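**Student:** The lines below spell out each chain.
Protein chains: 2
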Amino acid sequence: MTVESTIDDMARAARNAAHKLGRVSSRQKNAALRAIAGGLKTQADFIQSENQKDLMRAEEMGLSSAMIDRLTVTTATIDAMIAGIEEIVHLDDPVGTLSATWIRPNGLRVARMRIPLGVVGIIYESRPNVTIDAAALCLKAGNAVILRGGSEAFYSNQALASIIRSGLENSGLPDKAAQVVPVREREAVFALLNQEAYIDLIIPRGGEGLIRSVVEHSKIPVLKHYKGVCHIYVDEDADLDMAQNICLNAKVQRPGVCNAMETLLVHRSVAEEFLPVMAERFAEAGVELRGCEATCRIVPDAHKAQESDWLAEYLDLILSVKVVDDMDEALAHIAVYSSNHSEAIVTRDYARAQRFVREADSSVVLVNASTRFNDGGQLGLGAEIGISTSKLHAFGPMGVEELTTSKFVVFGSGQIRE
Amino acid sequence: MTVESTIDDMARAARNAAHKLGRVSSRQKNAALRAIAGGLKTQADFIQSENQKDLMRAEEMGLSSAMIDRLTVTTATIDAMIAGIEEIVHLDDPVGTLSATWIRPNGLRVARMRIPLGVVGIIYESRPNVTIDAAALCLKAGNAVILRGGSEAFYSNQALASIIRSGLENSGLPDKAAQVVPVREREAVFALLNQEAYIDLIIPRGGEGLIRSVVEHSKIPVLKHYKGVCHIYVDEDADLDMAQNICLNAKVQRPGVCNAMETLLVHRSVAEEFLPVMAERFAEAGVELRGCEATCRIVPDAHKAQESDWLAEYLDLILSVKVVDDMDEALAHIAVYSSNHSEAIVTRDYARAQRFVREADSSVVLVNASTRFNDGGQLGLGAEIGISTSKLHAFGPMGVEELTTSKFVVFGSGQIRE
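Residue numbers (my numbering), protein chains in the order written: chain G, -16 to 401; chain W, -16 to 401.
Simulated from the structure, these hints should not be mistaken for lab results.
Just so you know, these numbers come straight off a predicted model, no measurement behind them.
Certain hints may be false.
Stated by the list, open to error - List of simulated lysine to aspartate or glutamate pairs, EDC-like, C-alpha gap at most 16 angstroms:
| hint | chain 1 | residue 1 | chain 2 | residue 2 |
| --- | --- | --- | --- | --- |
| 1 | G | K3 | W | E342 |
| 2 | G | K390 | W | D358 |
| 3 | W | K3 | W | D158 |
| 4 | G | K210 | G | E296 |
| 5 | W | K3 | G | D311 |
| 6 | G | K36 | G | D52 |
| 7 | W | K3 | G | E342 |
| 8 | W | K287 | W | E271 |
| 9 | W | K210 | W | E191 |
| 10 | G | K3 | W | D311 |
| 11 | W | K390 | G | E342 |
| 12 | W | K202 | G | D311 |
| 13 | G | K202 | W | E199 |
| 14 | W | K390 | G | E384 |
| 15 | G | K390 | W | E342 |
| 16 | G | K287 | G | E271 |
| 17 | W | K390 | G | D358 |
| 18 | G | K390 | W | E384 |
| 19 | G | K202 | G | E384 |
As the list claims (entries may be wrong) - Covered stretches of chain G (in silico footprint by chain W; criterion: 3 or more residues with CB under 8 angstroms from a CB of chain W, positions within the stretch not fixed):
| hint | region |
| --- | --- |
| 20 | 94 to 103 |
| 21 | 341 to 351 |
To be verified - Far from chain W, by Cβ distances over 10 angstroms, these chain G residues were calculated:
| hint | residue |
| --- | --- |
| 22 | Q11 |
| 23 | A14 |
| 24 | H73 |
| 25 | P204 |
| 26 | K210 |
| 27 | A268 |
| 28 | E271 |
| 29 | C275 |
| 30 | Q289 |
| 31 | K374 |
| 32 | Q398 |
Ideal Cβ positions, reconstructed from N, Cα and C, are used throughout, including at glycine.
Hey, can you work out the whole structure from these sequences and the hints?
**Tutor:** Below is the structure:
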């Protein structure tokens, strides 16, 4: 069987499964999710022994220790997957709910009903836990899902696939509702991206290279973010202690993620007071600063920033810093360099807080809080399947509701159009 | 200047205008809409004389009388455009509203704020009123818009463009917020569909050929429907008088539109009673029936339906009719042949009504009402920019809210991530 025909069969089967899955009760979906969680528990040894195969191959191939770390499935990883499923079980099921309802002058009762999107394709790298997290969230929303993990996690993902399959079968759901691509070759990704007749949405998760390649080759709509060049603007009216804590948190609490701060903008009138103390705290945390001219004057240890620094997503202990004349300049800088991911302002001024929230054109805009809160769990969506920085369908973290859409339902009593 | 560079300039200018327009108050947007309506009133003679140029050319080119009819701008057409704008002025402005708000355990206040999509491109045929209707709705939602009408309406659309431009200028809005492509060549459409850096969404309106061509060439997301193969299922428990009225209305009240019924499904146990009377009423209205074998036995005048009839959007006084054994068969037929547009059931049975509403996978599903109600105005959205039959972002009629999206705004008091 060719890669194309394997993928084609999977996509058709997923479409059939989606047709059934959209009508299944929450109770049945939750039973399947619990069955999968149960399988993870009883099959933990099997998962870890399959994961060993991936790890041995990774060492042979000389993968970096960071990659091997992401690839490793420990007992704690398995426990986290189980806890993640448990969390998804407890989410409200959006499918079938009426999200709005109104009555027309002719007596027609109109409502919007939440329904699944259909079939979702997830393309991701390294971390095998995505297989479980993404499958569980898609199933909860009533979608069939096709998962394509990185080839470096091949055995681990196949092991997880067998547990998902048993869970679905044992609870009477179609076993093709969640499938993992059983093909290592990269060809499988392109074949998947061609299945626009059967797959409704593609969500890629991984580095910018992976995501750009998916967008370029996909005939199916893609929800994604390329990168997070997140800004914090410290306003002239900021509480400077609060600003220090927020900036430190946003840069160093976990520098390798998309919602970490990459550029700090400081109002000129507080720069002399704020930057030296802030620079000291950053230095203690091992952060390298790359500043504009004014910054370098105030903080002699800072390197001179290049144009490329304002565009950079360092994902590292590096920060670009710019002194701005006012909020207009801060917003103009953000408008040019932002990746529409997350922007924050620190201020005590009511009007500027409101204006920043209105004008910063990013998926999450925060006042007096760390950019690190751009996360489905942190914002209260329960669990997230990814973050979108384009505006159609979803903008920001995508939870179970963003994996659904709505149709109109109309209850009449014989109405006809005049 | 080449067509490409003209379109490129328009798209950049639209993006700049969108940036400003997203921040403008409802009052200012409404003032601009009223200024445009005023211009339509005072410039009615100019519009009609420009329209004459299009009409003369149309006759020279031998366009059909139906096309010439659609192209003609009468005083009534202009009044309808003015009334349409007035209606849009009175719609609530979604931009900046918080559509949900909640508080996290750490005290963060999270909300979703409606924001414009950005720049919308509309590609349409013949009717010049779309130029005004679409521009007004996009402006209300805070979007810049680029309009590309049919070449047959070139002079009419340019006249309307000049009125829109004056209205924007006189009310202090960016005059590039609504632009009409000043190029007759078809090349302009392809150039527009390449502007993915500046245009966020394309909405095509017209025949299936136009829409397929747009989808094929667009690098920008497209919201559209290809066709409406709308079904009505007359259940065994239907009020047969009501069923007759609904079916007649859905087929003949305006047969040339996408929400007209194209296929009638009748439960076997009521077919003998229902079909002969229904066929008589259809015959009086000049409707040709194409039936399955059972239908042809009961209604001897009906023609034998071919496989292609179940797929056909006649847009004419023709109807395909099928007798089904039960609702399972009706839903299975709809699942195969539906275009996900509109489906209706006529029944007195509670459980089947609920099941039909849940399982028919179309953008509008109706109980005891005509399919002709799949329309933004009829469903209470105020005005519509089109109908979407794909699920991402919008499914069904798209009103002012579907021309927006939402971002997350977070109000904190110094929160950092643990």
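**Student:** Hints first: check each against the structure and report whether it holds.
**Tutor:** Comparing the hints with the structure gives:
| no. | hint | in the structure |
| --- | --- | --- |
| 1 | K3(G) <-> E342(W) | holds (10 angstroms) |
| 2 | K390(G) <-> D358(W) | holds (13 angstroms) |
| 3 | K3(W) <-> D158(W) | holds (11 angstroms) |
| 4 | K210(G) <-> E296(G) | holds (7 angstroms) |
| 5 | K3(W) <-> D311(G) | holds (13 angstroms) |
| 6 | K36(G) <-> D52(G) | holds (14 angstroms) |
| 7 | K3(W) <-> E342(G) | holds (10 angstroms) |
| 8 | K287(W) <-> E271(W) | holds (11 angstroms) |
| 9 | K210(W) <-> E191(W) | holds (7 angstroms) |
| 10 | K3(G) <-> D311(W) | holds (13 angstroms) |
| 11 | K390(W) <-> E342(G) | holds (11 angstroms) |
| 12 | K202(W) <-> D311(G) | violated (33 angstroms) |
| 13 | K202(G) <-> E199(W) | holds (10 angstroms) |
| 14 | K390(W) <-> E384(G) | holds (14 angstroms) |
| 15 | K390(G) <-> E342(W) | holds (11 angstroms) |
| 16 | K287(G) <-> E271(G) | holds (11 angstroms) |
| 17 | K390(W) <-> D358(G) | holds (13 angstroms) |
| 18 | K390(G) <-> E384(W) | holds (15 angstroms) |
| 19 | K202(G) <-> E384(G) | violated (24 angstroms) |
| 20 | 94 to 103 | holds (count 4) |
| 21 | 341 to 351 | holds (count 10) |
| 22 | Q11 | holds (15 angstroms) |
| 23 | A14 | holds (20 angstroms) |
| 24 | H73 | holds (15 angstroms) |
| 25 | P204 | violated (5 angstroms) |
| 26 | K210 | holds (17 angstroms) |
| 27 | A268 | holds (13 angstroms) |
| 28 | E271 | holds (21 angstroms) |
| 29 | C275 | holds (24 angstroms) |
| 30 | Q289 | holds (24 angstroms) |
| 31 | K374 | violated (4 angstroms) |
| 32 | Q398 | violated (4 angstroms) |
Hint compliance for this structure: hints 12, 19, 25, 31, 32 are not met, and every other hint is.
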